[in-house]
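Student: These protein sequence lines are chains A and B, in that order.
Those letters in the first sequence? Residues 1 to 526, by my numbering.
Those letters in the second sequence? Residues 1 to 119, by my numbering.
These are computed hints drawn from the structure, not numbers from a lab.
Remember, predicted model here, so these are calculated numbers, not experimental data.
The reader is advised that the hints may include incorrect statements.
Pair by pair, the computed Cβ-Cβ distance ranges are [to be verified]:
1) A:Gly322 / B:Ile51: 57 to 63 Å
2) B:Ala17 / A:Pro456: 51 to 57 Å
3) A:Gln220 / B:Thr55: 17 to 23 Å
Note that the Cβ used here is the ideal one computed from N, Cα and C, for glycine as well.
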Amino acid sequence: MSGATAFGIAIFALILLISVYILIRTSRRMTTVSHFWAAGHSVSAPRNGVAMSGDFLGATTMLGSVGLIMLYGFDGGLYSLGWLVGFITVLLFVGERLRNVGRFTLSDALAIRLRENPMRITIAVPTVIISTFLMFVQVIAGGVLLNALIGLAYPVGVVITGLGIAAYVLSGGMISVTWLQFVKALILLTVTAVVAFWALVKFGFDPGRLLADAASRAPQGAAFLRPGLFLTSPVDTISLGIALVFGVGGLPHLLMRFFTVPDKRAARASVGWAVGVIGVVYLLTIVVGVGARALLTPAQIAATGKGGNNAAPSLVQVLGGGPDSWGGQLFLAIFTAAAFATVLAYVAGAVITSSSAVSHDIFARVMRRGRITDREEVRVARITSVVIVAVGILLALSLQGQNLAFLTGLVYAMAASTNFPVLILAMSWRRFSTGGAIAGVTAGVVSTTVLIILGPGIWTGAHPPVDLTNPAIISVPLGFLACWLGSLIWPNEADRRSFAQFSVRAATGIDAERATGTEPLTGGTT
Amino acid sequence: MPEDRDHAQAAPVDWDAAGRLPEYRELRAMRNRVVVPITVVYLAGYFGFLIVAVTASSALGGRVHGGLNVAYLLMCGVFVLVWVVAFIYIRAANGRLDDQSAKVAAKIREAAGPGEAPR
Chain A
1 MSGATAFGIA
11 IFALILLISV
21 YILIRTSRRM
31 TTVSHFWAAG
41 HSVSAPRNGV
51 AMSGDFLGAT
61 TMLGSVGLIM
71 LYGFDGGLYS
81 LGWLVGFITV
91 LLFVGERLRN
101 VGRFTLSDAL
111 AIRLRENPMR
121 ITIAVPTVII
131 STFLMFVQVI
141 AGGVLLNALI
151 GLAYPVGVVI
161 TGLGIAAYVL
171 SGGMISVTWL
181 QFVKALILLT
191 VTAVVAFWAL
201 VKFGFDPGRL
211 LADAASRAPQ
221 GAAFLRPGLF
231 LTSPVDTISL
241 GIALVFGVGG
251 LPHLLMRFFT
261 VPDKRAARAS
271 VGWAVGVIGV
281 VYLLTIVVGV
291 GARALLTPAQ
301 IAATGKGGNN
311 AAPSLVQVLG
321 GGPDSWGGQL
331 FLAIFTAAAF
341 ATVLAYVAGA
351 VITSSSAVSH
361 DIFARVMRRG
371 RITDREEVRV
381 ARITSVVIVA
391 VGILLALSLQ
401 GQNLAFLTGL
411 VYAMAASTNF
421 PVLILAMSWR
431 RFSTGGAIAG
441 VTAGVVSTTV
451 LIILGPGIWT
461 GAHPPVDLTN
471 PAIISVPLGF
481 LACWLGSLIW
491 PNEADRRSFA
501 QFSVRAATGI
511 DAERATGTEP
521 LTGGTT
Chain B
1 MPEDRDHAQA
11 APVDWDAAGR
21 LPEYRELRAM
31 RNRVVVPITV
41 VYLAGYFGFL
51 IVAVTASSAL
61 GGRVHGGLNV
71 AYLLMCGVFV
81 LVWVVAFIYI
91 RAANGRLDDQ
101 SAKVAAKIRE
111 AAGPGEAPR
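Based on the sequences and whatever the hints tell you, model everything.
Tutor: In structure tokens, the structure reads:
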């Protein structure tokens with residue numbers, strides 16, 4: 001990407017203005033702890049669904065996925081498909097049932113079913129790990145994008161990104177984060193659609209011609225259109241598929257989204273909206289990636305970096321008229337700014353989730369046993385958020401330039417082998433006990449971490465002891481197995497008795513926490 | 001039910017009795033009739049496609065239209081599968097599953113009697 005331009009600065013200012021406007025409009029509604037964590041359970045299904053898709057479409061989609069598709073063709077698109085399929089898992093087994101029994105967090109739901117204190121402490125571990133990792137990778141992207149957009153030095157960009165996110169989470173909590181995610185998802189959808197449309201115009205709206213042209217320019221030739229260039233090992237690929245299809249259902253920041261809507265009906269409609277938006281964006285991403293291969297010169301492709309991360313920005317610039325034209329500069333600036341907005345929103349969602357595990361689950365519920373005022377809990381949440389953002393900034397500053405691709409594998413595999421088995425077994429198996437949950441989460445966290453460290457992502461020797469880029473194929477069965485064994489070794493009569501209440505409430509929504517009334521930003525509620 | 005401080009308590013409802021209600025059993029059976037086939041289809045569809053893609057790549061190269069080949073058509077098929085499956089479930093859940101769930105809720109409210117009845 002080129003350095004600072006007048007367009008870049010102007011568009012960055014515009015993004016800032018929009019963000020501040022949303023912030024001012026929403027933060028006034030932040031009156032109770034329910035507003036801070038769950039936007040008062042009053043977000044409409046379409047808005048929550050679009051925001052939910054925002055939770056998934058990070059800068060990695062706009063930059064990383066497009067790059068993979070440009071470099072490896074078909075496999076680049078195949079890689080993302082698992083996330084979309086994972087939403088069906090969420091729709092069928094997680095979303096609405098969680099909404100029926102929970103208040104603000106996953107642990108709030110499980111508190112009915114398992115011994116509250118040990119369970120909350122256990123669940124907080126993977127929650128904080130997952131959210132923090134997801135967050136700081138995006139903060140790195142934020143620093144890089146600010147550098148490209150307005151020419152700020154990387155460390156300054158990272159700090160500014162962090163401060164912007166902190167301002168959001170602190171003042172408006174989940175209300176502001178939801179709005180930010182919503183607006184960002186719409187921006188991302190629009191920008192990707194325009195670029196894809198534009199690329200298609202060059203080929204007379206004929207995807208067949210676009211694909212054929214891309215293949216004729218790819219060094220791999222016809223193989224560019226077939227699987228096998230990136231996902232070469234069948235075992236690795238299945239393992240990745242398992243991590244994505246079940247990991248989505250254990251992702252803390254996604255689970256938290258279900259508490260922002262009024263009821264189970266809105267929870268399932270949210271997933272419907274998310275599946276629609278994410279599916280469309282993934283399809284558009286494929287068009288953009290293939291378009292980049294067909295329209296960029298070999299020299300331009302070589303300049304997009306090892307992972308092809310600059311594929312989409314380069315294509316935008318070429319479509320606008322080239323790097324030296326005002327059109328090329330303007331469209332590049334718009335695209336980069338949209339990617340930056342994406343980073344901001346994504347991190348805000350991850351920060352509030354991390355913060356909820358520490359300040360709501362551990363501090364307010366375990367240490368204070370729920371004896372805490374709204375005002376005090378929100379204050380603790382704000383302090384925690386600042387600490388988490390600071391940690392994110394430090395990680396982003398110290399790990400810039402490292403290859404962090406393995407983190408995605410780690411995060412989803414961990415979610416699929418900790419939170420997901422616990423949630424599924426709590427809902428379906430009467431004898432599942434607190435001991436089982438602790439054993440399962442421990443097994444999931446330890447096995448994913450160890451397998452990643454021994455795997456090709458981190459191991460520096462020639463032959464990693466575990467030749468798996470994604471540990472899910474081992475860690476997910478281990479997580480379930482440990483849940484089962486733990487429940488047999490440490491059975492708990494009270495846990496077993498609570499099954500009837502938990503499952504009836506999860507299925508029917510009777511006694512579900514109700515909305516506390518937040519007016520919408522504009523217009524009427526749905 | 002004995003005093004149980006380790007578990008968060010809701011309204012005074014006999015949940016064990018609720019779990020034995022015929023209406024609740026029917027709700028679970030109805031839900032399974034929707035969820036089980038959908039689960040089989042979406043998991044088999046995705047993992048089946050994934051396995052074919054990584055093991056039989058060369059079989060998917062047949063061109064259908066220009067550069068559009070069997071591999072891309074199958075992938076589009078998975079997108080459509082996800083959308084269709086989501087649509088079918090949401091329709092069933094909003095319709096007959098929610099109706100049955102309302103019946104269960106009414107029974108539970110009735111059994112809990114007046115006073116601090118659940119919502």
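Student: Run every hint past the structure and note whether it holds.
Tutor: Outcome of the hint check:
1. Our hint of 57 to 63 Å for glycine 322 of chain A and isoleucine 51 of chain B is violated, since their Cβ atoms are close to 44 Å apart.
2. Between alanine 17 of chain B and proline 456 of chain A the beta carbon distance is about 55 Å. The supplied range of 51 to 57 Å therefore holds.
3. Checking the proposed 17 to 23 Å range against glutamine 220 of chain A and threonine 55 of chain B shows it holds: the Cβ atoms sit about 19 Å from each other.
Consistency note: the structure conflicts with earlier hint 1 alone.
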